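Protein chains in written order, with our numbering: chain A, 1 to 373; chain B, 1 to 373.
Accuracy of the hints is not assured; some may be wrong.
A few chain B residues facing chain A, derived, Cβ under 10 Å [stated by the list, open to error]: (1) 35; (2) 37; (3) 71; (4) 72; (5) 82; (6) 103; (7) 115; (8) 117; (9) 215; (10) 217; (11) 218; (12) 293; (13) 313; (14) 337; (15) 339.
One side only, chain B facing chain A, incomplete, derived with CB under 7 Å [stated by the list, open to error]: (16) 17; (17) 33; (18) 36; (19) 39; (20) 203; (21) 255; (22) 365.
Read the hints as simulated data drawn from the structure, not as lab findings.
In this text, all values refer to a predicted model and were calculated from it rather than measured experimentally.
Glycine included, C-beta positions come from ideal geometry on N, C-alpha and C.
2 protein chains.
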Amino acid sequence: MTTPVPSTARPLADRHLLGPGPCNPYPEATLALAAPLLGHLDPEFLAIMDETCDLLRLAWGTDNRRTLPLSATGSAGMEAAFVNLVHPGDVVVVAVNGLFGQRMCDVAARHGAEVVPVDHEWGQPVDVERVVSAHPSPKIIAAVHAETSTGVRSDVAALGAAKGDALLLVDAVTSIGGIELRADAWGIDVGYAGTQKCLGVAPGLAPFTINDRAFERRVERPSSWYLDLGLLGGYVGEASGAGQRTYHHTAPTAMVASLHAALQRIAAEGLENVWARHAEAGQLLQDGLEEIGLELFAAKGHRLPELTTVRVPDGVDSADVRRYLLEKHDIEIGAGAGQYASTVWRIGLMGHNARRDRVALVITALEDALAHA
Amino acid sequence: MTTPVPSTARPLADRHLLGPGPCNPYPEATLALAAPLLGHLDPEFLAIMDETCDLLRLAWGTDNRRTLPLSATGSAGMEAAFVNLVHPGDVVVVAVNGLFGQRMCDVAARHGAEVVPVDHEWGQPVDVERVVSAHPSPKIIAAVHAETSTGVRSDVAALGAAKGDALLLVDAVTSIGGIELRADAWGIDVGYAGTQKCLGVAPGLAPFTINDRAFERRVERPSSWYLDLGLLGGYVGEASGAGQRTYHHTAPTAMVASLHAALQRIAAEGLENVWARHAEAGQLLQDGLEEIGLELFAAKGHRLPELTTVRVPDGVDSADVRRYLLEKHDIEIGAGAGQYASTVWRIGLMGHNARRDRVALVITALEDALAHA
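So that you can see chain A by itself, here it is in the shape it has in the complex:
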C-alpha cells in the first residue's frame, strides 16, 4: 500500500485569481462554505435551494420553472443539455469559434447526434447567418455565448430570432452574472453555466435552465441517470410544489449554500449594476493593456469585459511571465487555449474581481514581469 502523505502543513497560498476561472469568490460565498452543514432534506436547506433556484432565474433572465444548480461542474452542464435532448440521428448544428464549441461537438456526437460543425476563426464571434443556414432543419442549434478560450462575445439574441423550429442550446458559463444575459427574451431553450466565473463561487455546480418547449422534446430515459432531468425535477420540487421532494441524489449542500450567498449579494447590488461593474473593469483593463503596448486578441467590438485575451509579445516566453506573476505577485493569469497556448494570455476580471484595484494590480505586475522577461 502507498505510504500516506505526512501531514506537514504547507503555508496557505493566497492568490489573485485573474485567469479564466475560478476567480476569487465573493466573501459571502466563502463564509457560507464554512457555515454549519445542513442535510439535503432539512427544511432550512430546502428553503435555501428554493431561493437559489429563484435567484438563478434572475441571473438567467428566465421564468423557466426548471432552473436549478446541477451537482457537478459546468462541463457536466454541457453534458446534461445534450444527453437529455439528443435523440439518435438528430442533426445538431454547432457554432465552433473556440474550444468549448469543439467540445460541444464531441459531447453531442457521443449521444448519437449527427453533428454539423460551423467553424470560425478563433477570436471572431459567431456568424449567425452561416450557422442558421448550415442545415435546413436542425433539431438543435448550439453556441457559446462567451467563449472562455478566446474572450469573445457572440450575439445569442440574433441566433434566437433566426433559429426556426430548432432548439437553441447556449453555453453561458462565462457570461452569467457578468454580462447581459436574457434567456427568455433571446429565445434560449436550454442553457448551462458554471459557478466559478462571474457568479463568484468556487467551482462545483452547473446552473441549468430548460424551458417547456425543450423539456417536451427530451429523451424519456437518457443514458445518464445522474443528469436525467425527468428525475431531477422531483429533486427540486418542480413537479409538486416546494413541499414535495423526491430523493434523487444527495445535494452538495455546502456548495449550494455558497451559490445562494453569492446570488443574494448579486441581487442586492442589482444585476444590471453588476454587469456595469464588469463592463467598466474590463474596459479599464483593455485600455491599460494597450497603453503599455500590448495587442488584444479578440475581435474589436466583440470583446468580453470579464475575460480579456492579449497576444504574448514576440520574443517573450509566455510560461515564464505567468510563473513570475504567480511567484512574485501571487497573481494567476491563464495561458491561451488550443493552438494559442503559448501566444495568448487570458486575464479574467470576474465576479468579485471585476474591480478597479484588480486592474491596477495586474497591469502593474505585468509591466514588472515584462521588464524581467
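Chain B: place on chain A using the hints.
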C-alpha cells in the same frame, strides 16, 4: 421575471447530522473550505490533488494509480463505474439487498447491460453463493458493501474470492473511512464512494478507484464525456507523472481541499483507529437503543456501526418523532428507505460523529421524543 428573493438573513441552523449522511464534517474539512481558493492548475493545488489521491489509496486499501475524486456526488461515481465498463449486451449480475442495489440495476441497464438482479430481503446481507451462481459468465458482478438503505454490511472479500473472470464492482459510499475496506486484498476491480459519510466531508465528490484489469476492459469512448476515465487520467497526471496535466474540466478546488484536510486527519489518527472508533460508537448506540426498548432492523452479525436501522415502535408516527428531534434538539435522523419509509429510522454515527457524546445525545433525545409521541 420572477421577483428576486429579499436578502433578509435567516439565523443559521446548527444541526447534529445523525442521519444517513451528510454528517457533520471534520472541523479540518470545514476550515479548508474557507481557505483562499486556488486555481485548478496552480502548483499548490496540484500538490493537494496528488496528496489527495495518495490518501484515497490509503482509504481504499489499494495501489491503483487510477484513484481520484470525481467532480460530482457519490451517485455519479456509480454512473462512472457503469458507463466506463458496460459494453452493450454485457451481462451484469447485481446483488440487490436495498435501494442502492436497485439503483445499480437502473444505471447499468441505461448503458445497455443485460442485468441479472439477485434479490434479497432488505435487512439481510448479500448471499455470495446465490450471486456468483446467478449466471455462468457475467462480465461484471456488482454489490454494495454497506447498504445505506438498510444498515447492512456484506462480505465483499468472499465475492472477490468467487468472482471468477468477472469484474467486481463495489459501492463503498457508506463504508469508506468507517469500516474495514481493502480493495486490493478483497479483489475489488472498480469502486466508488462519497465524501459525506464516514470520510467526514460535505457532499460533492466521488472517490473512485479502478485497477488495470478493469481499465483494460473499459469502453473506449463512453457516452459520458464528463466521466470518461480515459480523459480523466490525464487530468490527475496519471499518464505521465505529476508534472504533466491535461485540462479536462475545472476541478472543484474548494471541495478537493476539504477532502484533503479530512483525509490528512484520518491518516494522522490512523485508519484502523478510525475504524475502531466507528465500531465502538456504533456498538454503544445499538446497545443503548435496545436498552430503551427499541428493536434493531438489520440482521444481527451484519450491522454497520456507522449506520443503525431501528424499527419505529407500533403506534408511533415516524415523521412526528423526526420533526420533534429536529425542532427541539436540532438533531437530524433519517427516515427509512423505500417500503420502510415510515417503519424504520436510520441513525448515522459517521466520521466526526462517531463519538461517545453523540451516542448519549441521540439516545437521550429519542427518549424525550418518544415520551412526547
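Tested hints:
no.: 1; hint: 35; result: holds, 5 Å
no.: 2; hint: 37; result: holds, 6 Å
no.: 3; hint: 71; result: holds, 5 Å
no.: 4; hint: 72; result: holds, 4 Å
no.: 5; hint: 82; result: holds, 9 Å
no.: 6; hint: 103; result: holds, 7 Å
no.: 7; hint: 115; result: violated, 13 Å
no.: 8; hint: 117; result: violated, 16 Å
no.: 9; hint: 215; result: violated, 18 Å
no.: 10; hint: 217; result: violated, 19 Å
no.: 11; hint: 218; result: violated, 15 Å
no.: 12; hint: 293; result: violated, 27 Å
no.: 13; hint: 313; result: violated, 23 Å
no.: 14; hint: 337; result: holds, 8 Å
no.: 15; hint: 339; result: violated, 14 Å
no.: 16; hint: 17; result: holds, 6 Å
no.: 17; hint: 33; result: holds, 4 Å
no.: 18; hint: 36; result: holds, 4 Å
no.: 19; hint: 39; result: holds, 5 Å
no.: 20; hint: 203; result: holds, 5 Å
no.: 21; hint: 255; result: holds, 6 Å
no.: 22; hint: 365; result: violated, 16 Å
Hints 7, 8, 9, 10, 11, 12, 13, 15 and 22 from the earlier list are contradicted by this structure; the remaining hints agree with it.
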